[in-house]
Amino acid sequence: MSAVFEQIFQVGFLAAIIRIATPLAFATLGEMFSERAGVLNLGIEGIMLLCAMAGFTAASLSGSLWLGVLVAVLVGALMGALHALFTVALGLSQHVCGIGVTLFSSGLAYFLYRLIFGQQSVPPSIDGFKPAPIPLLSDIPILGPAVFNQFTLVYLAIIAVPLAAFVLYRTPWGLSVRMVGENPRAADSAGVSVIATRFQAVILGGALMGLAGAFLTMAQFNAFTFGVVSGRGWVAIALVVFGRWDPWRSAGAALLFAFVDALQLRMQASGLGHIPYEAFLMLPFIFTIVAMAFMSRNAVAPSALLKPFRRGER
Amino acid sequence: MFRLEARTSTPAWFNLALPLIAIAATLILCSGLIAIAGAGVIEAYGVMLSASLGDSYAITETLVRAAPMIFTGLAVAIAFRAKFWNIGAEGQLLAGAVASCFIGAIPMPGTLAMVLMALAGAAAGALVALVPATLRVKFKVDDVVSSLLLNSVIYYALMALIEGPWKDTFSGYPISPPIEDSANFPVLIEGTRLHLGVVVALIAAPLCWFLIARTTLGFRIRVTGENPEAARYGGINVQRVLLSTALLSGALAGLAGVGEVGGVHFQVMSDISPGYGYSGIVVAMLARLNPLGVVPAAIFLAAVMTGAEAMSRATGVPAFLSDVIQGTALLAMLVALLFTAYRIRRVGAQT
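Sequences listed follow chains R and X, in order. When we follow my numbering, the leftmost residue of the first sequence carries the number 14, and every step to the right adds one. When we follow my numbering, the leftmost residue of the second sequence carries the number 3, and every step to the right adds one.
Possibly wrong hints are sitting among the right ones.
[Stated by the list, open to error] Example chain X residues on the side facing chain R (calculated, C-beta under 8 Å, incomplete):
1. TRP87
2. VAL143
3. VAL147
4. SER154
5. TYR158
6. MET287
7. GLY329
Hints are computed from structural coordinates only; laboratory data are not their basis. Treat the numbers as computed from the prediction; the structure is a model and nothing was measured. The beta carbon of each residue, even a glycine, is placed where N, CA and C say it ideally should be.
Please work from the sequences and hints to get the whole structure.
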């Protein structure tokens, strides 16, 4: 048993946690911005898939990975705008619109991918991002190789967490976002445009979901498959609840989930007994459901979440 | 300047016109993708129509495909009526399929097997749906998220079964052993795949309508969904209504899986459902959550799916067009529904 533990807890394990947490952190922060402004975005799963496809395609056709990232971010922002058009401008049901956006985006991703790449027995791959070690910092024992010898996108995610906290809690725009999510009527009388602020927050959220998708196909797997997102978007929604709509806690939740996921990968590889590998695949999802059961009672969701705002209407 | 104005009443013809307008808008929007793929729009839609509804055999194939979506559509429609956001019909379908396959593989008289398969499948689906409902009632866990996450859990459980204890030792493929021949649902028209389960689905729709519109439970479900405070004030146990709705909704989704095992595949495999659970949401919304509307809505989606495959073979346009059509139809229907609550009114320049 101790041999198993030794195999599990090593530098590679820490590095794996950070890597798995990165797309989840982007997605969770994106969903958090949207929800803090009062808009649940269930389109996340499909948006991540479409962005993963769009980024991969752009990178594969142009040969530039960063162009791929840019395309993924733009497509994410565009899909965020679409979701905001339905839920903010038209005030439609956020639940059902989100499912609609997910069905539409994933359908579009499948369709365009098949149209551009045709049906191939082996999915085409690209030369993805390479780890970019940070001088000096990467020489720190254990922490160095695990945290500071990663993809540039990983560093971006690490910076994104304090940045998101700063934007949300320390800037006028962040205050507007929190106001329209808590009490849109008061925000409106204070001269904050509820519609515009919500649009901006959902679009920013979509762009972050785009980064999450880009990471999957350009750093983690270097190929696009139909199952590349496989529930990570849904998990991000749960992580926002688990992280109590706070950037730091959400990032912590992403790390915790990544720990469970990395653990199941290791346990799978170490061939623990005769437990089927699917049991390990299930583990993060069951963990999330159970964690939500413990957390949700005290959860303080933005008061205006799911509530559309129309001026002069109660 | 135009602005939205609240409507006080909705004309009756809206119920029929809105889905038709939404579908027309969807087909127009999606024709752009056909053009991008380099095919003729009229030709592509023509192939879709004739391959799905063009002759009697095609119609039976479309009905066979519509059956699971009638069940999942009913499951979602009833759940959404109570504002129990069951997005887990996919997992409930899979659970129903596994349970009915387990029963169907036990040798026993055919009729008994079919009845037990249906009961087991419905019970399995109901149990799965009970999880998010209980979590919501007891722990205030958002039912959307928990029912979504549960879909992945059930899927992996199914995979563990068919790659583990259920694995076909003879072929080595990850598929369950087949059910007994005597448990196969009878085919109604020789030479087609139209099975008994399709008729059951068609009968289930009016039964669900009766339940929602004419029974006490149906009344409680509607009041709980429309105004939970009023329901509570009126002495309705809202939590119990939510749990009953979940059981009913899950059982219906489970029956979708039973039909696929007993009437179409006769065993369980990983791709037994191409997302019928999610399609159920589209069906329910197109039907405006009316169980009677679920039947034509499911037939429409089934026709798109069957037609898209033929269209892909004939024109080279990827068959995934049907997935885009589903998503677009859902969004178009939501926008169309806006006109039941609001009307566009021209207002003067003075405002």
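Do the hints match the structure? See the list:
no.	hint	in the structure
1	TRP87	holds (6 Å)
2	VAL143	holds (5 Å)
3	VAL147	holds (5 Å)
4	SER154	holds (5 Å)
5	TYR158	holds (4 Å)
6	MET287	holds (6 Å)
7	GLY329	holds (3 Å)
Checked against the numbered hints above, the structure violates none of them.
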